[in-house]
Each structure stands twice: as structure tokens, then as C-alpha cells.
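The hints should help you fit chain B onto chain A, whose structure is shown.
Chains as they are written, first to last, in the numbering used here: chain A, 14 to 127; chain B, 19 to 130.
No lab work stands behind these hints, which were simulated from the structure alone. The hints are all genuine.
DSSO-like, lysine-lysine: derived pairs with alpha carbons at most 27 angstroms apart:
#1 B:Lys-88 <-> B:Lys-27
#2 A:Lys-14 <-> B:Lys-101
#3 B:Lys-75 <-> A:Lys-119
#4 B:Lys-27 <-> B:Lys-75
Some residues of chain B that are not near chain A, with every Cβ distance over 10 angstroms (derived):
#5 Phe-30
#6 Lys-32
#7 Asn-36
#8 Ser-40
#9 Glu-42
#10 Glu-80
#11 Lys-88
#12 Ser-91
#13 Asn-102
Label pairs and their calculated CB-CB ranges:
#14 A:Ser-98 <-> B:Pro-123: 16 to 22 angstroms
#15 B:Arg-126 <-> A:Thr-39: 28 to 34 angstroms
#16 B:Tyr-28 <-> A:Ser-25: 27 to 33 angstroms
#17 B:Ile-69 <-> A:Leu-32: 36 to 42 angstroms
#18 B:Ile-69 <-> A:Pro-95: 40 to 46 angstroms
Fair warning: this is a prediction, and the values are worked out from it, not measured in the lab. Glycine included, each C-beta is placed from N, C-alpha and C at the ideal position.
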Amino acid sequence: KQEVTQIPAALSVPEGENLVLNCSFTDSAIYNLQWFRQDPGKGLTSLLLIQSSQREQTSGRLNASLDKSSGRSTLYIAASQPGDSATYLCAVRPGNQAGTALIFGKGTTLSVSS
Amino acid sequence: DGGITQSPKYLFRKEGQNVTLSCEQNLNHDAMYWYRQDPGQGLRLIYYSQIVNDFQKGDIAEGYSVSREKKESFPLTVTSAQKNPTAFYLCASSQQGVTEAFFGPGTRLTVV
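Chain A on its own, in the form it takes in the complex (with noise of 0.2 angstroms):
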């Protein structure tokens, strides 16, 4: 059964600070990954999806790159900002075709200090 595990559980950094979130999944055969951001106790914010087929997706100052063979996705955050402060889940779309649900890890949460 496919599991997704995030590491770290928590981050703390300073104002300004590049970073790496961690994602990682036991099974390869994914049909695409998708990061979310999550502020407390509010829904889930879409940030990327990478499909199987491509390694990395870009939008602003985050870029996820997506290792399938090795069961690894990163999230890379660029100049941190105290607004960046949130959840991040990874969640992955397991299978080689469409109609099955995502499967989230736990989630890294992250504090940016000004």
C-alpha cells in the first residue's frame, strides 16, 4: 500500500532563507503529485502538480521537483517570508491512470521569523 512520508515533521528558519521540504513514497507507479499549502484551520491551497512524466514544476519562488524511480518529490521555497508560514502537504495519485484519490503525508510545518 503506498505511504508518503514527510520530513521534517517542523521547520523553523529566518526571514530570507532558502529551503527544502521533503517528500518521500513507497511506491513509484504514481500518476502525478501535487504540493498544498494549509494556514490553520482553513482548506487546502494548491502550490504544484508534477505529473509522472516530468521532473520539476516552477510557479513564483517554489519549484517541486518529482524523482519517481526513487520515490522523492522536494519542495524548494526561494527568499522566505514570514507569510510563507504554513503547512505544506505532498500528496500523491497512485496507479498508472486516472480515477484514484490522493494519498497525503502528514504535512511539514514550517515558521518563518521576521
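Here is chain B on its own, set in the frame of chain A:
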């Protein structure tokens, strides 16, 4: 404005009572999902539906029921058989798992 709405935002349930959480989307997505989130845990899948009048159980379906009579609506009923229903419930949709999944703002259910 396209998106997913969930209501109510907060819900209180008495012991032995059934309650229904609403989820509506106007994104014209085929697939809809219900997840439960507990403190310190990731999101866990309750039910999902790929098309109208069809749905599949997720990992924690016991004590829950759903219906999918319309493409835009996927209500979740928390029955009295669910022994620990206090949690944050999130609804999502996507276009048959090909595109991004989008989430609603969530409903916080508390047993009183």
C-alpha cells in the same frame, strides 16, 4: 467565481445524531472526494466519486455515507455509528484525477 463550497463551517452533533455536511462545486469536475483531518495526522480518505451515481469507499468509510445524485454535489452524512466524529472535514474535486485537485474551506464537526 469557480470553486468549492462547504457548509456549515462549524457543526455540533449530539450523541446518537446523524448530521449531513454539504459540498458543492461549480468547476464542472467529474470526481469529488471527502477527507477527514485530525490533529497530528494527515488527511485520510473517507469516500470518493468519479461519476454521478457511483462512489467508492476510502480507508475510513465506516460510520459515514454519501450520495452523488448531481455532478456538482457530494454530501457526506456522519451517522451515529461513527464513534469518534470530532474532526475537520475537507471536500475536494478534480477532473477525473488528471488535473489538480481543489479543496473547499472545510467543516469542523464537534460532538457535544
